[in-house]
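A.B. asks: As a plain string of letters, each chain reads:
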Amino acid sequence: MDEYKGKSLSWRVADSVIELALDRAPANEIGVAMLEDLERFTSSLPGLESKASALILYSEQKAGFSAGADLRQLYTESQKMEASSAVRGVREFLERIHAVLNRLDASSLTTIAAVHGVCFGGGFELALSCDLIIADKMARFCFPELRLGLIPGFGGIPRLKRDIGNAVVRDLLLTGRSINATKALSVGLASQVAAEGEALRVARATAEQVIKFDRATSAAAKRFIKPLPSEELRREIDIFCELFTRPAVMEGLRKFVENTGAHPYLP
Amino acid sequence: MKTIEQTTDEILNLAATHFKVPRAGLDPNDDFYKKLGIDSLQALELLTRLENHFGVELPDYEVQGVSDFHTLASRIQARL
Chain A
73 MDEYKGKSLS WRVADSVIEL ALDRAPANEI GVAMLEDLER FTSSLPGLES KASALILYSE
133 QKAGFSAGAD LRQLYTESQK MEASSAVRGV REFLERIHAV LNRLDASSLT TIAAVHGVCF
193 GGGFELALSC DLIIADKMAR FCFPELRLGL IPGFGGIPRL KRDIGNAVVR DLLLTGRSIN
253 ATKALSVGLA SQVAAEGEAL RVARATAEQV IKFDRATSAA AKRFIKPLPS EELRREIDIF
313 CELFTRPAVM EGLRKFVENT GAHPYLP
Chain B
7 MKTIEQTTDE ILNLAATHFK VPRAGLDPND DFYKKLGIDS LQALELLTRL ENHFGVELPD
67 YEVQGVSDFH TLASRIQARL
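These protein sequence lines map, in sequence, to chains A and B.
Following this note's numbering, the numbering of the first sequence begins with 73 at its first residue and continues without gaps.
Following this note's numbering, the numbering of the second sequence begins with 7 at its first residue and continues without gaps.
A short list of chain A residues far from chain B (calculated; beta carbon distances all over 12 Å): (1) 148; (2) 150; (3) 160; (4) 164; (5) 237; (6) 238; (7) 264; (8) 298; (9) 306; (10) 314; (11) 319; (12) 321.
Subject to a maximum C-alpha distance of 27 Å in a straight line, what follows is the list of computed DSS-like cross-link-like pairs (lysine-lysine): (13) 40(B) with 134(A); (14) 26(B) with 209(A); (15) 327(A) with 41(B); (16) 41(B) with 209(A); (17) 40(B) with 327(A); (18) 298(A) with 123(A); (19) 298(A) with 284(A); (20) 26(B) with 134(A); (21) 284(A) with 123(A); (22) 209(A) with 40(B); (23) 233(A) with 209(A); (24) 8(B) with 41(B); (25) 255(A) with 233(A); (26) 255(A) with 8(B); (27) 8(B) with 209(A); (28) 134(A) with 41(B).
Quick look at which bits of chain B chain A covers, simulated, 3 or more residues with Cβ under 8 Å: (29) 41–52; (30) 59–67.
The hints are simulated quantities; they were obtained by calculation from the structure and are not laboratory data.
For each residue, glycine too, the CB sits at the ideal point set by N, CA and C.
Please model the entire structure based on the sequences and the hints provided.
C.D. replies: Structure below.
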């Protein structure tokens with residue numbers, strides 16, 4: 073499928089570049105609908121990889137790249153079932169999203185995330201599955217999960233630990249603070265910073281460059297330099313599910329979801 | 007070294023420009039959530055604009071619970 077338009081995203085292939093646009097209001101929250109569309113994309117990847125050399129992921133939503141997992145859906149669905157069933161449901165979701173992000177991570181394409189605005193939690197983890205992150209100067213990166221009594225669950229920590237120093241990973245994880253594009257560039261998380269509103273243009277220019285190279289060579293270089301941290305990814309799912317069973321997590325999610333004020337509920 | 011008044015003034019100018027409100031209507035003691043009519047995502051945008059403008063890092067936890075321009079200026083001043 074060279075073109076597709078789903079509920080949460082669309083893609084098209086032109087001139088050896090695939091552009092995948094996330095587009096689910098308000099901020100590309102990753103719930104079941106987004107997961108299903110992402111699965112449709114990764115199912116189509118074998119065909120797409122024979123027609124293209126680069127992939128650009130970006131967002132059509134003004135708020136940013138993605139605010140992360142759909143916590144409202146997670147809370148609402150979990151409330152409908154027994155705790156043991158809720159954990160089984162969470163594990164199944166995590167295994168599906170890991171399969172999608174691992175497939176993107178290991179794609180033979182050179183993958184570029186063009187990031188603006190919020191790039192939080194699961195959205196950050198989606199960007200981290202890409203080879204390059206090009207950040208709009210208004211982009212903001214964050215792992216807020218510890219504020220809710222959880223760890224990031226979409227593979228972000230093993231992927232970030234693969235890419236940058238452990239001290240920076242600990243800072244982001246253990247403080248839950250967000251960082252801007254300049255900081256992301258300085259720690260090696262982003263490869264380039266673009267002016268406001270220019271990340272997609274810069275990503276397209278970068279894609280034009282990378283598609284000049286021999287595909288097999290680029291793919292071999294990527295396989296060599298970017299191994300999947302498979303064992304840590306598996307352990308992450310186990311730790312997330314263990315933490316998810318605690319009552320404090322559901323209480324944190326409830327406060328987050330029920331908060332209607334301008335100030336976010338974040339401890 | 008900027009004074010706290012200069013820092014506050016720059017914040018008010020920046021907020022007026024980017025959130026399209028009259029500068030004359032902004033006071034250092036105003037609640038910027040109410041005065042600018044912004045939500046938590048726009049507050050993050052303001053934080054990023056301030057970091058870029060002043061060339062500082064402002065961890066979220068330092069500005070959590072802060073809602074007036076003057077206190078925001080004091081947090082930035084401490085990082086200049």
